[in-house]
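Asker: Chain by chain, the residues:
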Amino acid sequence: MQAFTKLTGIAAPLPKANVDTDQIIPARFLKSISRDGFGKNLFANFRFKEDGTENPDFVLNQEPYRKAEVLIAFENFGCGSSREHAPWALLDFGIRCVIAPDFADIFNNNCFKNGVLPVRLPREICEKLMEDAKMGGNARISVDLERQVVVRPNGEEIPFQTDPLRRHLMLNGLDDIGQTMQHAPAIDGFEARQRAAQPWLYT
Amino acid sequence: MSAQKPRTLFDKIWAAHVVETLPDGTALLYIDLHLTHEVTTPQAFDGLRAAGRKVRRPDATLAVVDHNIATDDSRRTGIVDPESRLQVETLEKNVVEFGVPYIPLLDDRQGIVHVIGPELGRSLPGMTIVCGDSHTSTHGAMGALAFGIGTSEVEHVLATQTLLQKPAKNMRVSVDGNLAFGCSGKDIVLAIIGKIGTAGGTGHVIEYAGDAIRALDMAGRMTVCNMTIEGGARAGMVAPDQTTFDYIAKTPNGPKGEAFKRALEWWKTLPSDAGAHFDKELRLAAHEIAPQVTWGTNPEAVLPITGIVPNPADEGDEAKRAQLQRMVDYMGLTPGQRLTDLKVDVVFVGSCTNSRIEDIRAAAAIAKGRRVADHVRALVVPGSGLVKKQAEAEGLDRILREAGFEWREAGCSMCLGMNPDKLTPGQRSASTSNRNFEGRQGPGGRTHLLSPAMAAAAALAGHLADVRDYQPKGAI
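Heads up: the sequence lines are chains A and B, in that order.
The first sequence begins at 1 in the working numbering and counts up by one.
The second sequence begins at 204 in the working numbering and counts up by one.
Just so you know, the hints here were simulated from the structure itself, not pulled from any lab data.
Don't take each hint at face value.
Derived pair list, reagent style DMTMM-like, types lysine to aspartate or glutamate, alpha-carbon separation capped at 25 Å [unchecked claim]:
hint: 1; chain 1: A; residue 1: Lys134; chain 2: B; residue 2: Asp517
hint: 2; chain 1: B; residue 1: Lys369; chain 2: A; residue 2: Glu50
hint: 3; chain 1: A; residue 1: Lys6; chain 2: A; residue 2: Asp51
hint: 4; chain 1: B; residue 1: Lys369; chain 2: A; residue 2: Asp175
hint: 5; chain 1: B; residue 1: Lys372; chain 2: B; residue 2: Asp476
hint: 6; chain 1: A; residue 1: Lys128; chain 2: B; residue 2: Glu518
hint: 7; chain 1: B; residue 1: Lys464; chain 2: A; residue 2: Glu191
hint: 8; chain 1: A; residue 1: Lys16; chain 2: B; residue 2: Asp517
hint: 9; chain 1: A; residue 1: Lys40; chain 2: B; residue 2: Asp249
hint: 10; chain 1: B; residue 1: Lys523; chain 2: A; residue 2: Glu191
hint: 11; chain 1: B; residue 1: Lys257; chain 2: A; residue 2: Glu131
From the derived model, a few chain A residues whose C-beta atoms are all more than 12 Å from chain B [to be verified]:
hint: 12; residue: Leu7
hint: 13; residue: Lys40
hint: 14; residue: Glu54
hint: 15; residue: Val59
hint: 16; residue: Pro87
hint: 17; residue: Lys134
hint: 18; residue: Ser142
hint: 19; residue: Val151
hint: 20; residue: Glu156
hint: 21; residue: Pro159
hint: 22; residue: Leu169
hint: 23; residue: Leu171
hint: 24; residue: Ala184
Backbone N, C-alpha and C fix where the C-beta goes; we use that ideal spot for every residue, glycine too.
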C-alpha cells in the first residue's frame, strides 16, 4: 500500500449525499482482473454521455478538477456494494482523500487498505470546504494525517480523528496481512480448540 | 459461577471468534466460512501469489461463479464477453492452483453465492461468514454473523482465516404481530429501510426480532437480512429457532447424526439473553405494513403501493429537495402521480434477495392462469440450479412460461448490469432485487424494488400494481 502522510492539492466539490459505489464505478466496469486502470471509468455514468463523449457539466471534467486529489461530498459516501474497485478507481484517477460527514462501513475499510484517506467531518465544515473547493485552483486544501488536521485555503486548521491502528498502517504504508501472520501461533491455538468443540466446522 | 452480563446474539458469536485482542481494542476475528466469486477475488489471489502465500483453510472456503455469467442457453457454449470469460477463467485457474473447492458453471449446485451457502448447509448458526460481496448479510438469517468485505480483506482471510475488526454496536428491530395479506419479508425490510434510512444502521449489526420475523420461513428471513446493508448495517441476524434447525436438517452438507445433535446444543445457546443491551431499538407493527415499492434511486425512497410520487417542492431542506428532484427527474416521474399508474417495460424476479423456491412459488401463485401484458418482458431467474430443479419438479416453470415469463438458468442476472441481462436507457423495471441506484440494472435504467408477488402482479398488469387485487386462481 502507498503510504499517506500529507497532501496539498485541488479539491473537487461533489455536493451530494448517498454517493453509492455503483456511481463511483458501475458494475459493468468490474470485469478487470487487475487493480489498475479503473480511473478512466470513475463516475462513468456522470462523466460520459451515452455516446461516450465527456459531459462538460460534471465536476471532474472541468479544470482544474481533472487534477483533483481530494473529493468533498456529503453524507453516507460509498454506500452500497462492497467493491474495492471504488477506492481503486479514485486512487487511479488521482484522488487520495475523500472528506464527508460520514462513510459507509465497508467503503471506509476498503479505503484504508489502499492508501485513500476517508476524513469524517461535520456537515457544516464539509459545507465550508465545499465552498473552498468551488474556488478551484486558487484554493488548495491540505490534509495532514500525521497531525490529523485539514488546512483550509485561509489557513484555518480543522482537526479530525482516525482509528490509531489504521492511521499507523497508512502512515507507514504497511500490509496488514504480514502483521497478522505474526499471530499464527494464536490462530493455530484457536483452530485446535474450535476443532475439538465444533468438529462439524472442519471437513 | 459468577453471573454473566446478558449478551446479544452478536456478542456471543463475536466472543466465540476472537483469536486475540490487540492493544487498541481491534480484534483478530476468526472466520468460519469464506465464500468467494469471480468478481472480487482475482486481485486477492494475485496478492497471495506475489507474496508466496497459500490459502490457510481451503476446506472453509467455497468458490462459485454468479455475477458475470449468462442465464440463457448460451452459457452452455461458453461466455461470449471476453472480459467476463477471462474473469471466470481466472477464478477457475486460481481454485486449482490454491486448492479451493469450486462449483463449476454447469453443475446443478451452481448459483448465486448467497443462495447456495444456506441451501447446501454450509452457512450455519453461530458461524462467522464473509464474502467479497455486500449482500453477505443474507447468511445472518441462519443465526450467523455474516458480512461483506473488500478484496484486500478477501486476501487477508484467504491467507490467515482471520480479519482485523472492531466490534459493531447492537441494534434490534422488532416487527410485532402478524403480517397483512399480500405482504412478505421484502415488504418488511423495505418498510424498515424507509424508516431508518440508508445510513440508519451504519456501525451496527441489526438483530431482527418479533412475531412477524419468527413467522417468516428461512427464505423470508434471508430477504430481510439480505437488504440490511441497504440500511447501512453490514450484518443482519435472526436468532436460530426450530424453523432454522428444520431447514438445516434437510440440507445436503449440513451436520448429520451426532454432529447435528452436538451442534444443536450450541445453536440453542445463541439467542440474545433477556435484558441484553441494544444501543439502538426500533419497533414496527407488522399489520401496518402494506405492500411496498420504491419510487426513487435509493432503497429509502419507498412507499406503500397505494402512494403517490412525492413533490420535491414540499421538502424544506434545500439539499434534500435537490436530491428528491434529481430522483424524480432520473426516474421520469411526475409529482402527484399514482405509483400504480407507472407503466413497466421489464419485470425481473431473481437476485440474492428473492430467487429462492418460496419466492418463485409466490410469483407463480399470482401468475397462474393469467398472462403477462403484451408490452412487458418478464424474467424469472432461479437463484441456483437446485432451486431451478425444485421449481421444475413442482411445475412452476410451466405455470410461469404459460403466463409469458422467461424461465432462466441460475445467476445474478439483471440485478446489477454486469452480464447480458440488463435494462436499456429509459426502461422501467419492477424488480425483486436489492438496489435501485441510478444505472444499477444498466445505464439509464429505472428500477422499482418490490416483492416477488408484487413483481408478478406488475408483469400481468403492465404497470406497478397492488398484489392484493390479484387473488391466486387456485393452488399451485
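Asker: If you check each hint against the structure, which ones fail?
Answerer: 1, 2, 3, 10, 11, 16, 22 and 24
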